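Participant: All chains should be built: construct the whole structure from the sequences, respecting the hints.
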Amino acid sequence: MWENFLTGTATLFGDPFTIAIFIFGVLGGMLFGAIPGVSMLTLAAILLPFTADLDPAQGVMLFAVIYCTGTYGGAITAILFNIPGAPENAPTSFDGYPMTRQGKAAKAVGAAVLCSAIGGTASALVMMLATEPLAKWAIMNIGPPEIFALVFFGLAVASTVGGRTIWKGWLSVLLGLLIATIGQDPVGGINRYNFGFSDLAAGIAFVPAILGFFAVSEVFVQAEKKASGKYEAPELSVNFPTFRELWAHKIAVIRSIFVGFFCGILPGIGATLAAFMGYGEAVRWSKNKEEFGKGKLEGVISSETANNAATGAAMIPLLALGLPGGALTAMMVAVFQMHDLEPGPLVFYNSPDLIWIVFAAMFYANLSILFIGLLETKTILYLLKIPFQFLAPLILMLASIGAYIGRGLVLDVMVMFAAGIIGFLLRRSGYSIPGIVLGLILGKIGEQNFAQGMQMVHYDLVTYFSRPICTILIVAGALTLLRGVYSAIQSSRSTEAV
Amino acid sequence: MGNLTRAHLVETGIWLFICIVFFGFSFEFNKTIEIYKFGATGWPRSILLLLILVGAGNLYYAWNNGSETQKGRVGFSEESSEVSYNSMGQVIKTSFILLLPLFYAILLKPVGFYAGTPFFIALIMLAWGERRVGKILLVTLVIYAFLIFLFMFLLNAPLPQGNVSPFYDFSAFMLKTKTQLQQLM
Chain A
318 MWENFLTGTA
328 TLFGDPFTIA
338 IFIFGVLGGM
348 LFGAIPGVSM
358 LTLAAILLPF
368 TADLDPAQGV
378 MLFAVIYCTG
388 TYGGAITAIL
398 FNIPGAPENA
408 PTSFDGYPMT
418 RQGKAAKAVG
428 AAVLCSAIGG
438 TASALVMMLA
448 TEPLAKWAIM
458 NIGPPEIFAL
468 VFFGLAVAST
478 VGGRTIWKGW
488 LSVLLGLLIA
498 TIGQDPVGGI
508 NRYNFGFSDL
518 AAGIAFVPAI
528 LGFFAVSEVF
538 VQAEKKASGK
548 YEAPELSVNF
558 PTFRELWAHK
568 IAVIRSIFVG
578 FFCGILPGIG
588 ATLAAFMGYG
598 EAVRWSKNKE
608 EFGKGKLEGV
618 ISSETANNAA
628 TGAAMIPLLA
638 LGLPGGALTA
648 MMVAVFQMHD
658 LEPGPLVFYN
668 SPDLIWIVFA
678 AMFYANLSIL
688 FIGLLETKTI
698 LYLLKIPFQF
708 LAPLILMLAS
718 IGAYIGRGLV
728 LDVMVMFAAG
738 IIGFLLRRSG
748 YSIPGIVLGL
758 ILGKIGEQNF
768 AQGMQMVHYD
778 LVTYFSRPIC
788 TILIVAGALT
798 LLRGVYSAIQ
808 SSRSTEAV
Chain B
3 MGNLTRAHLV
13 ETGIWLFICI
23 VFFGFSFEFN
33 KTIEIYKFGA
43 TGWPRSILLL
53 LILVGAGNLY
63 YAWNNGSETQ
73 KGRVGFSEES
83 SEVSYNSMGQ
93 VIKTSFILLL
103 PLFYAILLKP
113 VGFYAGTPFF
123 IALIMLAWGE
133 RRVGKILLVT
143 LVIYAFLIFL
153 FMFLLNAPLP
163 QGNVSPFYDF
173 SAFMLKTKTQ
183 LQQLM
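The listed protein sequences derive, respectively, from chains A and B. So the first sequence is residues 318 to 815, counted in my numbering. So the second sequence is residues 3 to 187, counted in my numbering.
Rather than coming from a laboratory, the hints here were simulated on the basis of the structure. Among the clues, some could well be false.
Think about it this way: if two alpha-carbon atoms lie no more than 25 Å apart in a straight line, the pair counts; the simulated SDA-like pairs of lysine to any residue are [unchecked claim]:
hint	chain 1	residue 1	chain 2	residue 2
1	B	LYS111	A	ALA522
2	B	LYS73	A	GLY794
3	A	LYS547	A	ARG745
4	B	LYS39	A	MET773
5	B	LYS95	B	LYS39
6	B	LYS137	A	LYS611
7	B	LYS95	A	PRO704
8	B	LYS180	A	PHE367
9	B	LYS180	B	ASN165
10	A	LYS567	A	PHE523
11	B	LYS178	B	GLN163
12	A	LYS542	B	LEU104
13	A	LYS547	B	ILE54
14	A	LYS542	B	HIS10
15	A	LYS702	B	LYS137
16	A	LYS547	A	THR559
17	B	LYS73	B	LEU55
18	B	LYS73	A	LEU798
19	A	LYS453	A	VAL664
20	A	LYS542	B	ALA124
21	A	LYS604	A	PHE575
22	A	LYS453	A	PHE579
23	B	LYS111	B	ARG8
24	A	LYS611	B	SER69
25	A	LYS604	A	ALA795
26	B	LYS39	A	ILE459
27	A	LYS606	A	THR559
28	B	LYS137	B	LEU101
29	B	LYS180	A	PRO704
All values derive from a computational prediction rather than experimental measurement.
Facilitator: Here's what the structure looks like:
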């Protein structure tokens, strides 16, 4: 393995043009991830046609690098402005933004930098060591029932965080699932809930909805505070976390690497669920659960480690099986196809150079996060000095363009602003925006895998539950839900007693 | 009525309304799928059933606890619900802030990005309470120039051009200028 890795490194750093593409990918991913409203997906979509002129290895490598650094970039806006650059950074804002309000922005961003680098590097190493055996294990053991079970478990965990009450958490997730049913049904392709609008046949696009629920609603929340005279500019600090502070969270980091890697390896699940589950597990194992959501460093550490740990893992099904795990890895398939290549087991034998330059690039991209990220943090922190009334129009404009670019539909811009208003009202009423977004993202995946799973076992629940991974995840999800019911009833009873 | 307020009843009413509307519309696509026993309606109707059950739980909680935050909740911040309205002026101001971007989005098709954006940027700052004309003009110019440079020149991204004169003509002028500048370079 090391020999191949060194060969990949030599190829990567042996050609000035390849180095230039690598640096462009690192900076582009970080920048687009960090600009509110424009994600790494926007950059990747714009760059896709240009990769036809590149060498296949350079094209795939560019996307892999953007994937690693873009996943980190979104954490910056999540922490500084409560606007996650991508859904996988949503749980980072739970504790990151309160830390910013408390004048600990640099500490939160510093932890995000370090943990993204650790999670991503660990994931890249495991990817190099075990892509083939892990892919074989996944293909043998993971099928639609397991993927549905993981979606169920993930949604059960997500519903327990973010809302004012457990009921509101569940309602948020269910609303997301309901919105996801708009468009064609994933089994028969029948149009559902298009309400007479032909554009709705393709469903509600993720990007405008996410931008609306997160970025636009946050601008509205700040605007409301400004209008009522309650707006306070966050404090500025350059106080990075100490080694001791980070060492105290080593268990959370290791746990999140495992969680992130497991979620990342499954096609279609990816970094978003990884971040939520990383955060959820940190809460579950903590002795001071009530401190989460109020500016606890462990919250930032857990979600940022987990989402970056998912990036390397997401390459495993793509490279070994040809199955993309999410939107960006799906674009990588397009890059392969542009060069008449098919990702899958044969690519290891036919194009080992390509595989190892991509592995090496991902490894170094994650290390780059550590060095460039720390430098970038100090610069970006000065964004906080700009009065929000000047920053708000820029955020709204970037979000509008981000929503429009995806499909070229003005409808998507309208959907985004409508989602912004709905998100604003729901936030005021104590609902969980990340819960809605996760429901929206996982709804279709969940339904499709449920249907396929049911067909596989001929609608026989005994067979369904005879699959161990599936049973464990469904039981764990059900227990999470039952614990929620118990806590809700307890909380009502204690009030009745008073 | 316990601790229920009118707001709780409205909230429950909205959930119920959503469920009724979605259930009603589900008959439009209630077709059987040969390979799938539960059809196209099985999944959405299950979600609607759960929504009704959880909505009832939410109402029961509000009956007992009002709008109080449940003890031990994780990841929830009171911050976004702490603002209260004391005057009609505040309500109008917030409504203007909320509806202005939606108005921009609706006008995007006829007016286009190039002509509509500077006005929108300036209006947003006005809505946020900025009254210094010089600052509004300067920031509008800076943001507009940044967006044009990034998306029009650097990324070549297609942006809405509008379909009503003179806005469409203005977009055409911008695109023509861009092409001429690119040819010069």
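Participant: Which hint numbers doesn't this structure obey?
Facilitator: Going through the list in order, the structure violates hints 5, 6, 10, 13, 16, 23, 29 and respects the others.
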